[in-house]
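Enquirer: If you want the building blocks of each chain, they are given just below.
Protein chains: 2
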Amino acid sequence: MKRYRAFCFDLDGTIYRGKKAIPSAVDFIHQLQKKRLDVFFVTNNSSKTPSQIKETLRQFGVDASEKQIYSSALVTAKYVREHFGKAKVFVIGQDGIRHAFKQQNIAVVEEQPDVVVMGIDREITYDKLTKACLAVQNGAALIGTNEDIRFPTEEGFHPGNGSFVKLVSQVCNVEPVFMGKPSPVMLDMIRQEYGYAKEEMLMIGDNYDTDILCGIRFGCDTVHVNTGVVRTETVKEKELQPTYVVDDLSGLEI
Amino acid sequence: MKRYRAFCFDLDGTIYRGKKAIPSAVDFIHQLQKKRLDVFFVTNNSSKTPSQIKETLRQFGVDASEKQIYSSALVTAKYVREHFGKAKVFVIGQDGIRHAFKQQNIAVVEEQPDVVVMGIDREITYDKLTKACLAVQNGAALIGTNEDIRFPTEEGFHPGNGSFVKLVSQVCNVEPVFMGKPSPVMLDMIRQEYGYAKEEMLMIGDNYDTDILCGIRFGCDTVHVNTGVVRTETVKEKELQPTYVVDDLSGLEI
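One line per chain: the protein sequences are A and B, in this order.
If you read the first sequence in this note's numbering, its first letter stands for residue 1, the second for the next number, and so on.
If you read the second sequence in this note's numbering, its first letter stands for residue 1, the second for the next number, and so on.
Among the hints, erroneous ones may be present.
Chain copies aren't distinguished; within one or between two, either way the pair holds.
[To be verified] The calculated lysine-lysine pairs, modelled on DSBU-like cross-linking and capped at a C-alpha distance of 30 Å, are:
1. K19 with K131
2. K78 with K2
3. K67 with K19
4. K131 with K20
5. K128 with K20
6. K238 with K102
7. K19 with K2
8. K166 with K131
9. K131 with K236
10. K35 with K102
11. K166 with K238
12. K86 with K131
13. K67 with K86
14. K67 with K236
For the record, the hints were derived by calculation from the structure and aren't laboratory data.
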């Protein structure tokens with residue numbers, strides 16, 4: 001394999017699956033860390049704070065600092081600060097997204113927002129969705145942390161944040177902006193903050209439509225692993241191919 | 001105007017708007033009733049029981065018997081009984097749909113349903129939607145009382161039942177069946193139960209995509225009134241035209 005400086009990992013399906021670690025991935029990360037190569041964790045999950053994600057990784061045997069963790073919540077908050085300045089934001093979402101807005105000193109309001117931000121919210125209600133719809137009809141911008149329509153769990157697919165953003169978008173007839181993968185915003189933030197060249201970066205993930213397309217759109221090399229939600233056979237039928245296609249990360253030489 | 005025997009009215013936007021009666025419509029219904037012509041009320045609203053709808057109409061000056069009221073809840077329950085026999089049903093919805101299933105002696109369950117029925121539910125939660133998604137992934141049929149993506153209120157558009165059915169449909173990659181307008185099921189039930197010919201029936205409504213298309217698909221004449229959500233100008237641009245286009249029902253001679 002070509003030499004890279006920054007290895008960007010998806011989490012669920014790549015480092016662990018549900019409640020179990022994927023040993024080949026954990027080993028691979030240990031090897032990178034031993035060689036003092038840079039490791040990043042890039043997740044569409046907006047519900048957890050960096051410290052909660054760090055703790056999850058620790059339980060699977062992976063040591064990470066919060067600075068290595070890029071979630072769609074963090075990027076969304078940074079994006080709103082950059083593009084909307086002192087805007088008031090109505091937030092649908094859980095801990096992660098609320099924490100991120102607090103950290104960026106952005107005012108979270110219930111009435112007359114300039115921006116509606118939607119992340120996964122397992123306590124979503126008809127009233128919250130109606131509030132979002134009315135705000136967007138009154139001119140607020142609509143931002144989704146990520147566009148995943150569904151996500152896999154042990155009992156089957158659960159509704160993803162994208163399915164709720166799409167609901168609001170259809171009710172209001174307004175196109176949303178999405179921050180998470182496959183949007184290249186998270187990888188671009190890593191590049192800017194650490195000064196890598198795109199050729200020095202590698203995006204590793206199990207989901208073609210989010211992880212691999214994210215790397216391709218950003219313009220870096222990609223690795224597809226067959227340890228999660230999208231099988232190798234399915235990936236091989238795609239027009240745009242990942243740089244590497246492996247069963248698991250034991251098949252990759254650093 | 002040609003002579004008809006059965007006059008089928010939409011409710012909101014046709015007989016009343018929000019909390020106000022539309023006098024020309026109420027007068028028109030009084031004239032029909034005086035001439036002993038048959039009047040029906042055909043609504044996509046699955047949240048209210050026939051007796052609640054009867055009471056609403058009474059407040060606007062319209063006397064109706066419960067037998068004249070056809071709601072998407074009623075038709076859905078009858079449809080499930082006819083097509084799924086002794087099926088167990090998981091219901092998302094309010095009073096109207098629950099009442100209709102009780103009346104049809106259909107078992108409403110929380111676990112392992114054969115059919116998932118969705119009507120508007122202002123207390124919808126992530127858990128209810130997830131339950132619906134998992135049941136459909138396990139093979140349950142997906143039926144929506146109506147496919148309205150949004151409905152107008154005084155403060156703007158609120159999310160309609162169709163937007164939630166679409167969410168489940170997208171998460172599960174399954175096509176739903178819809179009962180309410182523009183599906184012709186409700187008009188066909190009236191025809192069957194009273195023995196009208198299609199030429200004797202008239203569908204009157206303000207919403208082109210639900211009321212007018214329902215009549216056209218069913219095969220009866222239609223009246224578009226300019227008192228609700230879709231303007232006359234918009235209707236005149238459509239390829240399939242209503243039989244009559246009027247500002248309000250004072251413009252129609254019986």
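Enquirer: All hints, please: hold or fail.
Expert: Structure-based check of all given hints:
For the homomeric pair K19 and K131, the shortest alpha-carbon distance between copies (21 Å) is at most 30 Å, but the shortest distance inside one copy (35 Å) is not. With identical chains, the CA atoms of K78 and K2 are never at most 30 Å apart, being 32 Å at best within one copy and 65 Å at best between copies. Taking identical chains as interchangeable, the C-alpha atoms of K67 and K19 lie at most 30 Å apart only when both belong to the same chain, with a minimum of 24 Å there against 55 Å between chains. Only between protomers do K131 and K20 lie at most 30 Å apart by alpha-carbon distance; the minimum there is 24 Å, versus 38 Å within a single protomer.
Within a single copy, K128 and K20 get their C-alpha atoms only as close as 34 Å, which misses the 30 Å cut-off; across copies the closest is 27 Å, which meets it. In this assembly of identical chains, the alpha carbons of K238 and K102 never lie at most 30 Å apart, being 40 Å within a copy and 49 Å across copies at closest. When the C-alpha separation of K19 and K2 is checked against a cutoff of 30 Å, the pair qualifies neither within a copy, at 32 Å, nor between copies, at 69 Å. In the homo-oligomer, the alpha carbons of K166 and K131 lie at most 30 Å apart both inside one protomer (15 Å) and across protomers (20 Å), since each shortest distance falls under that limit.
Taking the shortest Cα distances, K131 and K236 never come within 30 Å of each other, neither inside one copy (43 Å) nor across copies (33 Å). For the identical chains of this complex, K35 and K102 are neighbours neither inside a copy (36 Å) nor across copies (67 Å), given an alpha-carbon limit of 30 Å. Both within a single protomer and between protomers do K166 and K238 lie at most 30 Å apart by alpha-carbon distance, with minima of 25 Å and 27 Å respectively. Taking CA atoms no more than 30 Å apart as the test, K86 paired with K131 passes inside one copy only; the shortest distance there is 21 Å, against 39 Å between copies.
For a Cα distance limit of 30 Å, the shortest separation of K67 from K86 inside one copy, 25 Å, qualifies, whereas the shortest one across copies, 57 Å, does not. Proximity of K67 and K236 under a CA criterion of 30 Å is satisfied in neither setting, with 34 Å inside one chain copy and 59 Å between copies.
This entry does not satisfy hints 2, 6, 7, 9, 10 and 14, going by the numbered hints stated previously.
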